[in-house]
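Protein chains: 2
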Amino acid sequence: MAMLGYSRSNRLGVSAIIGLGNKSDIDEYDLIEYFGRDEGTSLLALHIEGIRDGRAILEAAKRVAKKKPILALKAGRTLEGMKAASSHTGSLASDPVMVDQLFGSSGILLVQGMNLFFDSIKGLAMIPKPSGEEVLIVTGAGGLGVLLSDACIQNGLRLLKPPQDLLDEAKKFVPPFGTLGNPIDITGGQPPETYEDVLRLVLKDDRVHAIVLGYWQTLIAPPMDFAKGVVKVFSELPRKPLVVSLSGDVEVEKAAEYLEENGIPATCYAPERAVSMLAAKLKWVQRQPC
Amino acid sequence: MAMLGYSRSNRLGVSAIIGLGNKSDIDEYDLIEYFGRDEGTSLLALHIEGIRDGRAILEAAKRVAKKKPILALKAGRTLEGMKAASSHTGSLASDPVMVDQLFGSSGILLVQGMNLFFDSIKGLAMIPKPSGEEVLIVTGAGGLGVLLSDACIQNGLRLLKPPQDLLDEAKKFVPPFGTLGNPIDITGGQPPETYEDVLRLVLKDDRVHAIVLGYWQTLIAPPMDFAKGVVKVFSELPRKPLVVSLSGDVEVEKAAEYLEENGIPATCYAPERAVSMLAAKLKWVQRQPC
Chain V
1 MAMLGYSRSN
11 RLGVSAIIGL
21 GNKSDIDEYD
31 LIEYFGRDEG
41 TSLLALHIEG
51 IRDGRAILEA
61 AKRVAKKKPI
71 LALKAGRTLE
81 GMKAASSHTG
91 SLASDPVMVD
101 QLFGSSGILL
111 VQGMNLFFDS
121 IKGLAMIPKP
131 SGEEVLIVTG
141 AGGLGVLLSD
151 ACIQNGLRLL
161 KPPQDLLDEA
171 KKFVPPFGTL
181 GNPIDITGGQ
191 PPETYEDVLR
201 LVLKDDRVHA
211 IVLGYWQTLI
221 APPMDFAKGV
231 VKVFSELPRK
241 PLVVSLSGDV
251 EVEKAAEYLE
261 ENGIPATCYA
271 PERAVSMLAA
281 KLKWVQRQPC
Chain R
1 MAMLGYSRSN
11 RLGVSAIIGL
21 GNKSDIDEYD
31 LIEYFGRDEG
41 TSLLALHIEG
51 IRDGRAILEA
61 AKRVAKKKPI
71 LALKAGRTLE
81 GMKAASSHTG
91 SLASDPVMVD
101 QLFGSSGILL
111 VQGMNLFFDS
121 IKGLAMIPKP
131 SGEEVLIVTG
141 AGGLGVLLSD
151 ACIQNGLRLL
161 KPPQDLLDEA
171 KKFVPPFGTL
181 GNPIDITGGQ
191 PPETYEDVLR
201 LVLKDDRVHA
211 IVLGYWQTLI
221 APPMDFAKGV
231 VKVFSELPRK
241 PLVVSLSGDV
251 EVEKAAEYLE
261 ENGIPATCYA
271 PERAVSMLAA
281 KLKWVQRQPC
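Protein chains in written order, with the numbering used here: chain V, 1 to 290; chain R, 1 to 290.
Hint data in this document are derived by calculation from the structure and do not stem from the laboratory.
There could be a bad hint or two in this list.
Where chain R lies over chain V, by a calculated footprint (3+ residues, C-beta under 8 Å) [stated by the list, open to error]:
1. 2–14
2. 70–81
3. 153–165
4. 239–253
5. 263–270
Chain R stretches covered by chain V per the calculated footprint, using a threshold of three residues with CB under 8 Å from any CB of chain V [as the list claims (entries may be wrong)]:
6. 6–20
7. 40–47
8. 66–78
9. 152–159
10. 238–249
11. 264–270
Ranges of calculated distance between the beta carbons of each label pair, as one might list FRET restraints [to be verified]:
12. P191(V) x R8(R): 22 to 28 Å
13. E39(V) x G104(R): 51 to 57 Å
14. P176(V) x E133(R): 53 to 59 Å
15. K254(V) x L79(R): 34 to 40 Å
Every residue, glycine too, gets a C-beta built ideally from N, C-alpha and C.
Bound conformation, chain V alone (with noise of 0.2 Å):
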């Protein structure tokens, strides 16, 4: 039922969404198989109290896996909530620490909240596969690049060392009280055009993999000109992972839904939030089975 509502706000697309009831006869397996083969989804999202099957999904999961990714909720994650799970459906919920053992070996990517979910599920199907796992943080503002830097490693992001040769050309554009490493801070008093040539010059580079942009609102840089701008560098070049967090007044919340509405996964006020959807799609790739 939440994914109803929040696909249709955040401009996600759905194929289908099923509830299992008593599982008396299709059951986790069968819809794995079903869906990894349907060219109308992307990717397969669980919610899942119990398992019956386990070797059965797993065996289908890590098929599936290499082509689409799987994430799944584990709901009785607590002694509280088994309790609320067998009142619910007569049935006990799965051990979570049997669960999370079982789907980790089978490329099954899981979470541990539905707000984490629904983030991951945005990640995941809109941001292209990255060529490596080197990310870069490019921001409008010192305190949002700490915050940025924070959240990717707390995510186990890898924080690329920028060689030097890419931060003497980032030099022509960033100011000299601004910071050349990762992050990349441009500082908060510069135009739409800074961000812009700063991300022209990451996003051609193949030794960045995925870029962290962080946009900080001011006068001189409104968020619907920043937003533009990144959309009209993003679509000259070839796709690779890029997420936007931004911070500002109401109007930034328009400015992302531009973005996201061209490609680009984009969250307003908290930065984790865009490192989350980033973190899935870097995860789902170290993740898959041999």
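Let chain V serve as the given structure and place chain R on it in line with the hints.
Relative to chain V, chain R alone:
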């Protein structure tokens, strides 16, 4: 900057936003003292990279936190974040472990990300002071009850073992295939009146200190009918901590707005967010320094 848009978008009042710059004169100590006394301010929320005079902040916070919640987000929690902070302000970010210990002993609530920072602000600002720690979940769907139970436990909340006489009363309203426990699961086929009857019962019971109400959209209980019923019951009785988690199509967003306009914190889609709001308030009460 993020606070600007978030607070406007979430109908929260802001008495002041202050950027401390390089703190050559005024620092956190002065502001905790000042806003501790300011009658137009009911809570303080700090975004901190580094602190200089920990002892002064500790003393001020101990005094103020008894009357007003103080919440803090420590940026620069990772080595990479600390490095970014150092380029940003030219000063070293404070060790996060030291800050955790210092703040913990002063009654300041520390949170790990912006999303939780915002949800905690809303919970602390809107929820009345609870008279105890026993939480009861009432849900319109079993699966939602499982997720809410998990979130309560993972947030360190206590789930009330409901007294038999309370459950006997609830039995008059809940269908036989529902569940009488914690959660109380009224099941998905019930009209708004069932939510109202059960809510009135638990709001009146002094052994229930806080309520998490889970709503599940159905044809028989449309979101706005549900919300109006909840506001009606809530306004008849003395104020008590109540948070609402709504699952359904986009119409639940309007229902959540209506609940919040009437003083009841409400979140859509991600059940754990409603629980985080309540958890912030309960933690504030628990952690008062002697």
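Failing hints, ascending? Of the numbered hints, just 7 does not hold.
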